[in-house]
Amino acid sequence: MSIIRDLLNELLGMFLADARLALATLFLVAIVAGLVGALQAGPFVGGGILLFGCLAILVEAASREANSRSRR
Amino acid sequence: MHQVAWSVAAPAVGAAFLASLVEIVEAFTIVLAVATLRGWRPAAFGTAAALAVLGGLIVVLGPLLERVPLHLLQFVIGVLLLLFGMGWLRKAILRSAGIIPLHDENAIFASETAQLAGVADRPHKSLDWIAGLTAFKGVLLEGLEVVFIVIAVGAGRGLLWPAGFGALAACLVILAVGVAVHKPLARVPENTLKFGVGVMLSAFGVFWTGEGLGIAWPGQDLALAAIVLAFLAVGIATASMLRRPPMEALQ
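From first to last, the protein sequence lines stand for chains W and E.
If you read the first sequence in the numbering used here, its first letter stands for residue 1, the second for the next number, and so on.
If you read the second sequence in the numbering used here, its first letter stands for residue 1, the second for the next number, and so on.
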């Protein structure tokens with residue numbers, strides 16, 4: 001049972017190690033899906049928002065963790 | 001099998017190889033601890049059993065995923081790769097900046113050895129069983145990420161076998177080096193490898209999520225190279241921006 005529990009924890013940790021990063025990424029994907037699907041945004045707009053949004057989320061997540069550790 | 005552009009095949013196989021290299025180094029440390037304390041038989045048995053489970057996962061899940069419509073598959077795997085890859089990259093940035101400690105294979109080896117030594121008063125058979133299970137669990141948990149990466153970068157593009165062979169090649173490399181040096185592989189530049197894999201997986205995630213959403217990337221597959229460069233540049237810049245002076249990082 002311990003192996004199965006560890007396996008599930010490992011799986012969860014693979015995708016949701018930082019819940020805010022995961023939520024922000026899913027929110028961004030939803031926005032881009034809306035822009036591309038409903039508003040017919042072009043590849044430069046849709047792709048650009050997806051790429052630069054992900055980069056911004058990554059920088060924010062790393063900086064947030066760095067700040068929170070420096071306060072401890 | 002349909003023709004796949006090298007610009008997609010090379011990062012896919014490379015990501016599978018490098019990610020496997022990192023994870024197998026970690027698994028090897030646990031297997032070596034088991035082998036040092038209880039001999040190679042339980043270690044080899046546990047490892048073989050875990051590899052069989054992991055291989056079975058790829059053989060079963062891979063072809064199943066090939067049946068899913070391409071856009072849906074790219075979208076789902078793209079989003080999962082984004083979550084997984086950006087998580088890896090975030091950790092690699094923090095390690096590179098000295099904010100969280102680097103993975104220490106020697107410390108892991110010492111901790112695994114101490115744990116196994118702690119149950120040394122059990123009967124002989126039971127000890128072999130515990131040692132075999134420890135090796136099985138270590139390889140299974142470390143290998144799970146490899147299986148995900150192989151399936152994620154391989155499925156939908158006909159790259160399952162090349163990515164699988166990339167992972168297998170990493171296994172053989174680590175096994176050969178490990179058997180030769182017979183101690184934890186602490187000098188592997190693990191964080192550099194993780195940084196590289198995080199960059200590639202995040203780039204694949206953006207590329208495939210976009211394709212899944214119907215975005216026609218300018219330059220098609222070559223856009224992947226540009227996305228890789230963007231993640232690499234931002235990753236390096238963020239790590240250097242967050243880097244602490246050595247004394248502060250040690251505190």
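I should point out that these hints are in silico values taken from the structure, not numbers from a laboratory.
Note that the structure is predicted; figures quoted are calculated from it, not measured.
Incorrect hints may appear among the rest.
What the hints assert, rightly or not - Each pair of labels, with its calculated beta carbon distance range:
| hint | chain 1 | residue 1 | chain 2 | residue 2 | range |
| --- | --- | --- | --- | --- | --- |
| 1 | W | 30 | E | 179 | 29 to 35 Å |
| 2 | W | 19 | E | 179 | 37 to 43 Å |
| 3 | W | 31 | E | 220 | 20 to 26 Å |
| 4 | W | 42 | E | 61 | 18 to 24 Å |
| 5 | W | 4 | E | 175 | 24 to 30 Å |
| 6 | W | 42 | E | 240 | 30 to 36 Å |
| 7 | E | 115 | W | 11 | 31 to 37 Å |
Said to hold, decoys possible - Some chain W residues near chain E, calculated using beta-carbon distances under 7 Å:
| hint | residue |
| --- | --- |
| 8 | 30 |
| 9 | 34 |
| 10 | 43 |
| 11 | 48 |
To be verified - Which bits of chain E does chain W cover? Going by a derived footprint, with three or more residues having C-beta under 8 Å, they are:
| hint | stretch |
| --- | --- |
| 12 | 170 to 182 |
| 13 | 207 to 218 |
We treat Cβ as the ideally placed atom computed from N, Cα and C, and that holds for glycine.
Consistency of the hints with the structure:
1. 30/W <-> 179/E: 29 to 35 Å: violated, 49 Å
2. 19/W <-> 179/E: 37 to 43 Å: holds, 41 Å
3. 31/W <-> 220/E: 20 to 26 Å: Roughly 24 Å apart at Cβ, these two residues keep to the hinted range, so it holds.
4. 42/W <-> 61/E: 18 to 24 Å: violated, 35 Å
5. 4/W <-> 175/E: 24 to 30 Å: holds, 27 Å
6. 42/W <-> 240/E: 30 to 36 Å: holds, 34 Å
7. 115/E <-> 11/W: 31 to 37 Å: violated, 23 Å
8. 30: violated, 10 Å
9. 34: Interface hint status for residue 34/W: violated (10 Å vs cutoff 7 Å).
10. 43: holds, 5 Å
11. 48: For residue 48/W, the interface hint is violated, since the closest Cβ of chain E sits about 10 Å away, which is over 7 Å.
12. 170 to 182: violated (count 0)
13. 207 to 218: Since 8 is at least three, the answer is holds.
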